[in-house]
Amino acid sequence: MITLEHITKTFSKGSVQAVKDVSFQVGEGALFGLIGPDGAGKTTIFRVLTTLLLPDAGRATVDGLDIVKDYTRIRERVGYMPGRFSLYQDLTIAENIRFFATVFGTTLEANYDQIKDIYQQIEPFKDRRAGKLSGGMKQKLALCCALIHQPRVLFLDEPTTGVDVVSRKEFWDMLGKLKERGITILVSTPYMDEATRCDRIALIQKGAILSIDTPQGIVEAFPGKLYAVRSGQPFKVLQDVRAYNGTQTCFAFGEALHVTLATDNIQGLSGYLAGKGYQDVHIEPIEPSIEDCFIHLLKD
Amino acid sequence: METVIKTDKLTKRFGGFIACNALTFEVYKGEIFGFLGANGAGKTTAMRMLCGLLAPSSGDAAVAGFDVYTQTEKIKRRIGYMSQKFSLYDDLTVTENIRFYAGIYGMTGDSIRAKTKSLLDELQLQGEARTLVRELPLGWKQKLAFSVSIVHDPDIVFLDEPTGGVDPVTRRQFWDLIYHAADKGVTVFVTTHYMDEAEYCNRVSIMVDGVIAALDSPDGLKRRYDCGNMEDVFYQLARNAKRKAD
Amino acid sequence: MKQLIVFIQKEFLHVFRDRKTLLMLFGLPIAQIVLFGFALSNEIKNSKIVVVDYSKDPVTTQLIQEITSSQYFNVTRGLPSATGIDAAFKRGDIKMAVIFPEHFSDDLIRTGKATIQVIADASDPNQATTVTNYLTQIVGTYNARLAQASGQPLQIGVQNRMLYNPELRGAPNFVPGVMALVLMLVCTMMTSVAIVREKELGTMEILLVSPFKTIYIIISKLAPNLLISIVNLCVILVLSDVFLDLPVKGSILLLFFDSILFILTSLSIGLLLSINAKTQQAAMMSSLMGMMLPTMLLTGFLFPIENMPLPLQWLSNAVPSRWYFIVVKRVMLKGLGFSSVWKETLILAGMSFFLFAVSIRRFKTRLQ
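Those sequence lines, one after another, are chains A, B and C. Read in order, the letters of the first sequence are residues -4 to 295 in the numbering used here. Read in order, the letters of the second sequence are residues 7 to 252 in the numbering used here. Read in order, the letters of the third sequence are residues 7 to 374 in the numbering used here.
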């Protein structure tokens, strides 16, 4: 459904390399996540795919159409939700939806069933101006506006950034339901924990892809074993574990440290820590999270 | 333990809307205090009152020993502030930014020079001393912004979502800096949306609908709400919030 | 105190690092001095005038010689018929007509008095006053010499008739100028800001990635401004009729037709400015700086174009308001018809179509 081959994009006459030789594919009906921090190139990739930017090199297609030659036809059939929920702040919810429906040559009534699940959550406020909505409601409105014309492909650029935790969860539930209807969805997010809700993900940093696979596949590709070290004083123990000569990597992850060891010698580490005066230290192997994998890939 | 922030029924009303409702809590010296809450819960308003930027409607608060109603100028001298949106001046160099803020906070010539040098060394930015901030990668900018916010050795530093959008490695380096500062006795008052960062704090408060719904150490909160991690604790408290529509 | 110094230092750094603003801060005063000092002046030289001599005697010949050799006038001789003079004024070919009646020196010698008839185009009252004053000066000087030489108290009088604006009111000059300025600024600024606002909001991205044709985006941005400008035009015309006693002497339809062409031109300029501007602020600045200054200086209502150095005169040909100003003066004040303004109308039509076509072509359907 979406293909990218060796897409490269630079700005400022080549001095800023936003996207470097990126290739991946999104199958029909898949929920694909583009995961990476600010400045990784996610928005640039979205803009190339929605035909708003021309790549310096490479080819890409959306629904079988070339982004350069057939851009008008692509623009007619995709749904796009750019970052920061671009909505008309001084129009109401109802007016925004009606406007976007008209832009796509359709009406709210004709497509009401399609967006019902989402729209009904904000319908009670339909006469409120978009500028006065909370982040979560703006999110829902923007999604409705992108779906109103029943696109087969949805591009959502950082739809969960700046939105509260509860709304974020609800949003991903909604995406799951959309996927069931067969819509192909490409989402970008800086939140690593959202990666597990996608069918496949691409980890991206500084314009380059670090890895593409299913979330499970990426986790399984983590080299070696990962251990969680829990103790009462995370910061102090962090210093000491880093100083230990058997430690390969050590990163703080909330109340535990995620550690890889050169020789998987847990006893050695716990003995060392006991020697430093730590009581009540727990070390156990854990399955790596996407964030662990991302950090590991960043080192290379 | 010495108290650096003390509030007693701190309240802020905007017309009929109560943004912060009778907040009562204390923050101790050298603590890393996590101030969590969903958007719209009242976090930003509370922080503004503590920084002396907004006058409360009622209740009391003292920051670094000074009253938030009558001694805001003294408060501002003893605190630092950094947010995701504000950082440094893009069109000034690293050194110029450091010197400017040091001067603003009342430091004098010699100490500014010494501090600039030690800051550059600590962040390993000696090579970038003359680089314009706009040309620094995001992660370096955030770390520099934090260091600049404590250039005058304040009692407390307020951090408003300082690690938003930053890559995971830089995020942890940032927290290394926070730990170092706390070690040296600077109290850190931080808000964040990353729940794993909540675990790094000594104590965490969670605001919901304008009140503090919970305040304890991360372990304490997890035990009380019977959750394995802070994310679940937060979700339990936040999902019943009535202020989702505002 | 120290804090203040530190802050001031920082502000200096900001200012000096912003190249574009710096250029303006230093460049603008220099440009203004050069312009006002050398190029623009209220002095009026080489005004085209007509001198008609019915008397053809030594006195008139000499006086006409003085007038001709003056740097203030560019003299054409002849045009003895009244209709010819009238037509020349209507076309704007001449600013003043100086008429020596028959038996001029005879009257002067016999009665000690003779009067020169002067007709001036007072649609720009300042110009008219200046030009007639120059003439009066020359006549006065000659008069004094003649009287001294002959030893008799001779008096050569000048009778002024101010055409189109006998009371020498300012309104007939500045109302057309204000019309041109207002329409130009409103259209340019509002249009450019409206488009850039969508870019800033991010909604432009969504509009582009949709079947909505770009031409519709453009038309929908232009439409409200077109309407507002027409309303503005009506208000100005009504106000100038009611309060300034300056009704439209000619065809209102013709005036509206040309006004709409001018509005279209300004709207297209606004479109062009919006294409490269990234923020609303930049759009406003470029339309103010880019359009207001040339419009005020080169339209011809503050400073006469004929007196500017040649390069500026050529430049003023590219300023649409200059042509519109001529049309308004001729149609509104002088009551002339299409035959007198066809050239200007054609130019305006050409400009509006050309600019509109260019701005549509250059309108970016992509973000870069």
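Rather than coming from a laboratory, the hints here were simulated on the basis of the structure. If you're wondering where the values come from, they're calculated on a predicted model, not measured in any experiment. For glycine and all other residues, C-beta sits at the position ideal for the given N, C-alpha and C. A portion of the hints provided could be inaccurate.
[To be verified] For each label pair, taking beta carbons as the anchor points, the in silico distance ranges come out as:
{"#": "1", "chain 1": "A", "residue 1": "Glu175", "chain 2": "C", "residue 2": "Asp24", "range": "30 to 36 Å"}
{"#": "2", "chain 1": "C", "residue 1": "Gln374", "chain 2": "B", "residue 2": "Glu141", "range": "18 to 24 Å"}
{"#": "3", "chain 1": "C", "residue 1": "Lys8", "chain 2": "B", "residue 2": "Gly22", "range": "40 to 46 Å"}
{"#": "4", "chain 1": "A", "residue 1": "Gly59", "chain 2": "B", "residue 2": "Asp222", "range": "55 to 61 Å"}
{"#": "5", "chain 1": "B", "residue 1": "Asp96", "chain 2": "A", "residue 2": "Ala52", "range": "44 to 50 Å"}
{"#": "6", "chain 1": "B", "residue 1": "Lys91", "chain 2": "A", "residue 2": "Lys271", "range": "55 to 61 Å"}
{"#": "7", "chain 1": "A", "residue 1": "Ile281", "chain 2": "B", "residue 2": "Glu32", "range": "31 to 37 Å"}
{"#": "8", "chain 1": "A", "residue 1": "Glu175", "chain 2": "B", "residue 2": "Gln132", "range": "27 to 33 Å"}
{"#": "9", "chain 1": "B", "residue 1": "Lys190", "chain 2": "C", "residue 2": "Asp24", "range": "55 to 61 Å"}
Against the structure, the hints:
no.: 1; hint: A:Glu175 with C:Asp24: 30 to 36 Å; result: violated, 53 Å
no.: 2; hint: C:Gln374 with B:Glu141: 18 to 24 Å; result: holds, 21 Å
no.: 3; hint: C:Lys8 with B:Gly22: 40 to 46 Å; result: holds, 44 Å
no.: 4; hint: A:Gly59 with B:Asp222: 55 to 61 Å; result: holds, 56 Å
no.: 5; hint: B:Asp96 with A:Ala52: 44 to 50 Å; result: violated, 30 Å
no.: 6; hint: B:Lys91 with A:Lys271: 55 to 61 Å; result: violated, 41 Å
no.: 7; hint: A:Ile281 with B:Glu32: 31 to 37 Å; result: holds, 36 Å
no.: 8; hint: A:Glu175 with B:Gln132: 27 to 33 Å; result: violated, 56 Å
no.: 9; hint: B:Lys190 with C:Asp24: 55 to 61 Å; result: violated, 38 Å
Going through the hint list in order, the structure does not satisfy hints 1, 5, 6, 8 and 9.
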